[in-house]
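Asker: Sequence:
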Amino acid sequence: MSADPDRDKPIVHEYDGIIELDNQLPLWWLYTLYGTVAFAIIYWFQYEILHASPTPEKEYAAQVAESREAESARLKKLGTIDNKTLAALAKDVKTVDQGRAVFAANCAACHRADGAGLVGPNLTDKFWLHGGQPEQIWKTIRDGATREGAVMPPWKQLGDEKVVASVAYVLSLRNTNVAGGKAPQGEPFSE
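For the sequence shown, counting from 1, position 183 maps to 183 in the numbering used here; every step adds exactly one.
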């Protein structure tokens with residue numbers, strides 16, 4: 001029994017011969033409702049207004065990036081260069097950023113800063129002169145290539161780590177189709 005004697009008396013409403021009892025909600029239900037509303041308000045201020053904590057999406061992205069970085073480090077220690085390893089490194093943000101810097105310093109003069117091609121071919125479309133497999137791109141960058149009078153100089157003097165990073169960056173450019181890019185050259189490549 002509650003302290004209020006009128007609290008337990010049902011309020012009766014009658015309309016068109018239908019009798020309706022107006023019962024009080026249980027306190028546990030009301031406290032659950034109030035707690036849920038309070039939690040929602042605090043949650044909204046925490047994540048949307050104050051940005052005091054990273055959102056679940058940002059936490060997930062950070063965990064994925066950390067996982068890819070760890071996988072990248074593991075693959076680099078293995079020392080084997082194959083299509084699977086290079087494709088995995090192309091998903092690692094840190095390796096792609098390193099490759100972007102190598103590309104800007106050494107490759108942009110021929111392939112343009114965005115990879116759309118100047119003297120060298122467009123790296124943002126689906127056409128490839130010397131093969132579009134990750135291992136073929138790695139071999140072309142490391143050893144250079146000659147085709148139809150065009151010469152791609154070898155870049156093995158940069159070292160394996162920088163060559164692999166630049167391959168990761170070139171793979172990240174593939175099929176982005178930058179506007180104003182050079183006309184397609186070579187054979188189409190589909191994964």
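What the hints contain is simulated information worked out from the structure, not anything from laboratory work. Backbone N, C-alpha and C define an ideal beta-carbon position, used for all residues, glycine too. Be a bit skeptical, because a hint or two may be false.
Said to hold, decoys possible - Here are the simulated distance ranges between beta carbons:
#, residue 1, residue 2, range
1, 48, 143, 51 to 57 Å
2, 31, 93, 42 to 48 Å
3, 14, 37, 40 to 46 Å
4, 58, 15, 21 to 27 Å
5, 118, 59, 51 to 57 Å
6, 67, 190, 24 to 30 Å
As the list claims (entries may be wrong) - As a list, the in silico DSS-like pairs of lysine-lysine whose alpha-carbon atoms are at most 30 Å apart:
#, residue 1, residue 2
7, 182, 139
8, 84, 58
9, 162, 182
Asker: It remains to establish, for every hint, whether it holds in the given structure.
Answerer: Status of each hint after checking the structure:
| no. | hint | result |
| --- | --- | --- |
| 1 | 48 with 143: 51 to 57 Å | holds, 53 Å |
| 2 | 31 with 93: 42 to 48 Å | holds, 46 Å |
| 3 | 14 with 37: 40 to 46 Å | violated, 33 Å |
| 4 | 58 with 15: 21 to 27 Å | violated, 53 Å |
| 5 | 118 with 59: 51 to 57 Å | violated, 41 Å |
| 6 | 67 with 190: 24 to 30 Å | holds, 28 Å |
| 7 | 182 with 139 | holds, 23 Å |
| 8 | 84 with 58 | holds, 27 Å |
| 9 | 162 with 182 | holds, 25 Å |
Hints 3, 4 and 5, counting from the list given before, are not met by this structure.
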